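Spelled out from the first residue to the last, the chains are:
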Amino acid sequence: MSEVPAVTVRLTVNGREAEVRVHPMRRLLDVLRTELHLTGTKEGCGEGECGACSVLVNGELVNSCLTPVLQADGADVTTIEGIAGGPDVLHAVQQAFITHGGAQCGICTPGMVLASVTLLERTAHPNDEQIRAGLAGNLCRCTGYMRIFEAVRQAATSHTAAGAGKTK
Amino acid sequence: MSGFVGQSVPRTEGRAKVTGAARYVDDVTLPGMLHGVTVRSTFARGRIRDIRFADGVPWSEITVVTAKDVPAPNRLPLILDDQPVLADDVVNHPEEPVVLLAHPDKDLVEKARRLVSIEFDALPSVHSIDDALAGKTVVWGTDNVFKSFLVARGDVAAVFAGLPTIARSAAAGGDAHRIIAGEYETGAQEQLYIEPQGIIAQVTPDGGITVRGSLQCPYYVHTALVKLFGTAPHKVRVVQMETGGGFGGKEEYPSLIAAHAALLARKSGRPVKLIYDRAEDMAATTKRHPSRTRHRTVVDREGRLVAMDIEFLLDGGAYCTLSPVVLSRGTIHASGPYFCPNVRVRAKAVATNTPPHGAFRGFGAPQSLFALERHMDVVAKAVGLSPEEFRRRNFIQQGQTSAVGQVMREAPNMDRLLSRALELSDYQAKVAKFAAVDPSQSVKKGMGFATFMHGAGFTGSGEDHLASVVEVEATPDGRVRVLAASTEIGQGTNTIFTQIAADALGIDLGDIEIIQPDTGVVPNSGPTVASRTCMVVGHLVEKACGEIRRALISGGLLAEQHTRDEFRRACRQHFDEQGPLRGSSRYEPPPGIHWDDETYQGDAYGAYAWAVYVAEVSVDTITGETKVDDFVALQEVGRVIHPVLAGGQIEGGVAQAIGYALYEHVVWRDGRMANAQMTNYIMPTSMDLPPIRVYFEEQPYAHGPGGAKGIGELPMDGVAPAIANAIEAAVGVPMNSIPITPELLLDAIQRAEGSADPRDEEVARV
Amino acid sequence: MLAAAPGKWRPFAGGTDLMVQLESGALPEGQYLGLWKLGELRGVRETSAGVEIGALTTYSEILASDLLGREYPLLGQAARETGGVATQNRGTIGGNIANASPAADTPPALLVYDAELELISVRGTRRVPYDAFHRGYKKMDLAPDELIARVRLPKRAPGWREHYRKVGTRKAQAISKVCLAAALVMDATGGAVVDVRIALGSVAPTVVRARQAEAAIRGQPLDAAAVEAAVHALAQDIAPIDDIRSTARYRLSVAGRLLRDWLRRV
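Chains as they are written, first to last, in the working numbering: chain A, 248 to 415; chain B, -18 to 747; chain C, 10 to 275.
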């Protein structure tokens, strides 16, 4: 890794400009967690299977463990830290996860919340099949998914009701 | 009174988890921290000749630890203390830790790991239960047997000896007994918590050790480190951080990682973070014990059980770890929720040269109950009874004794549970419907169920030995701090303790603070395992809070019926007049409980949860794939403390057990897990699971908080046999080995087909 | 760049395969040429001859294309079976082809559609029929200085009855154990098979056209005898192996059973 010169990568993370100087192939996951100190995004497998590292890049869900940071140059990145509307304002999805037991140990939760948020942005009222397909890349070992589906259904209702999708 | 118990109150841990604020071990960085890695053996068994460190990294910068750095006797304290902390002379399994490295640069130390090679002379190795028992190659102790148990009730041998006589009398019109035999196997299962194992260790100025990490049992780690390093107990501090799933995989294994991280920290003088990568975690850490169970069952002409002769074998891997305890639970559950006058269980845990197997939710019971519940369907069929009628004739009733001699003081009510579960799943109607389907359809459906129970808490005198303690402290402003070693690992420990405490004190949820499990702060409440956290420790929380309340009442500071504000004022007054207000509670066995470790007889568990699970499956006979279309999980659990959390436990357990039944196949090659990637070790995704419908009944248990029994492991026991029974119903082939992969099932289907198409044989031969 | 130092630079698109191999240490550290930003290699375009798909088109983009959904639906079915949403957003059709795994999901569909690849280099443009592109396990008709630029699918006559079935280790995020893509067209009276395409993944060192199986039914009435002849012939077209996910025996059996099931119902 040390022979390749570091490059400067500029990206916007949760609305804030960030600049890092790193090896171009450094994983976006590591840049977020280490250089940018945003530890909400998790590493569960490092092979793009579990989805714990999911973030939004230019509005699209990607596995940050498989994304070299250079490919996020100039991109708009959203992590779990950027989902809430403010210090006391949770996203409808986050609130629904709490109420309906969508999070148990919580390690898959950041990725799962992002996958749910992007699902609802694309399909305002997903049916059961669409919810399952939308979350198929995010593995949860604790819940059996049932209450995650319920949380997504609930959030779909309050999401449209609240317009911007942010609730207290 | 408030009455939070029984409601789905907001989860105390919830917000941090959904905002990414919860801090897991890999989220923490300490100044001057080094990254640690483990160099492991690549071979199953051998004598180490040399360890080579190839050029390519600045070795002088890297902290290196080998067996020489481990204080004598280089054994990880657990039960038999047979496992080396680092392999010294002989390696006994692939992935055995040999060398530890640490450096500030994570990538560099990873590179260094690949530059270390271990030269060895191979030794003969053992890779099956049969080879272990044959004893031609002894790899552990004198006979490869970690532990044996014998449960003997009545006289099984006499029953079998007397059978020819009975058969003759049957010919003369007397009672005809049938012997039905069966053999059942379960494979290894990887816990696959989504957060890999990890520990941070640092030495303290007083020569002590502080360890933080992803773990279930801070005091297990504490005990191991104290014994290993000979450090005074108060100088060793173990802190549980937010833990991303455990399922037993973080019960005993973290002690080894903590020992490793501590060794590196002591040698380097720096804090060391040791996080496993996923492939390493899968290949090197504990898994569920593979098992083989043989049943020989005698039933009378009415289908009543007369004798059960059970051989229950577990593959323990290379070192003993917790095998004796897993074996114990599996043995006690081996004859299930039935009454049988003659039962013999001969159980053994044996050594093979594979990474040691260990704790995994269910802990022996999923193995023996799979065998039992499959076998009960086989027996029912053999004697011409429906699966449900057979069960009804044999369920254990209140007042009867189990195989280990435990009198059922409370009514199990299995008959009623069975009826309800069959109704909830529309069992009879579906059985009829599926039977009427056109046989030329390639997708065949079937219904199957399992009836079972799971004992909560440590077996027998285990809870006595643990002597768990909970402490509570009231603050001057009326908040109450609960100090317990029980860990929150997803199941909602903090929330239910908060509910129990608030109810016990008559105050609000927000007044309770659950203190982070830190051995420097909380007492030893025992490990977070064995479905004991709510039932045993929660009960201690209830009692310890009761002590504070009674102290205030008997001190005249509080009335029996009081408001929250009155409680707060009373605390203030107590503090001003008498000082700190504390309560504690130590485990006491419920009255009348008796267990004999020598004879292995008595009250094995304080309470059992009783359950009936029903599966509806579709088998695609073209590909051998099984889909679970619907799953009903009905259980009697004493009291449901928090419906959402309790439901979540059952749903999650059922999902994990569906994986155990159908998908989670460990591919072994020379003792090593060859499919140690999440791509190749298959756990269910959101697309693979049925609606999981959970129902509870409550028959309060006198010694559980609010009447609650333990439920954490229960769901692991009944899913695989229900599914296997449903598959037999669907396609007429008995599947007695799990996981029931499409490869195995298709093979069985083709053999049953005669593979009707001769061309398939040709195709297969090519 | 590729021309200047052939073999030194490895083209890198979405990274969904290469990053996994890099992490596991299966790839030597080397130099990667990032293609992600090359917009001209992305997108689905209708032409007079059929359709052109840029090599950097992602699975999500394939799924979003109404044109492909209408005219070449097997491609969308393949894309839907590949990974979860995150993988679909980054995985590209060019990457799927160039990674040359015999278990890849889109290649069987591409064979059914008689795909053609357009390869570019400083030396010019070259077209290769896709069914001649894979020469052996991970061996492709692709020079070190070439990039896959486009996939071309010719226009199709109406009347093809199409089928795609992937048998994976689970219903999502699964590597295929056996994958069948097939299509046939009957004559006007429905009496005989005019033309047929049968392609399989995960049953040979490369994706394969099952030409012997095709020959067994091309021009024939689709009766029980023809179906069995095709299933029997299939054994000559494929050479499945035991691997970490499945067995040769299972793959052989299932390939035959999938084909039989489709031919009986088509």
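Everything labelled a hint here was simulated from the structure, so no lab data went into it.
Quantities reported herein were computed from a predicted structural model and do not represent experimental measurements.
Every residue, glycine too, gets a C-beta built ideally from N, C-alpha and C.
Honestly, I wouldn't trust all of these hints.
In silico contact screen, one side only, chain B against chain A (beta carbon under 7 angstroms); selected entries [unchecked claim]:
id, residue
1, K(-2)
2, V140
3, Y174
4, E632
Hint-by-hint comparison with the structure:
| no. | hint | result |
| --- | --- | --- |
| 1 | K(-2) | holds (3 angstroms) |
| 2 | V140 | violated (42 angstroms) |
| 3 | Y174 | holds (6 angstroms) |
| 4 | E632 | holds (4 angstroms) |
Hint violations for this structure: number 2 only, all remaining hints satisfied.
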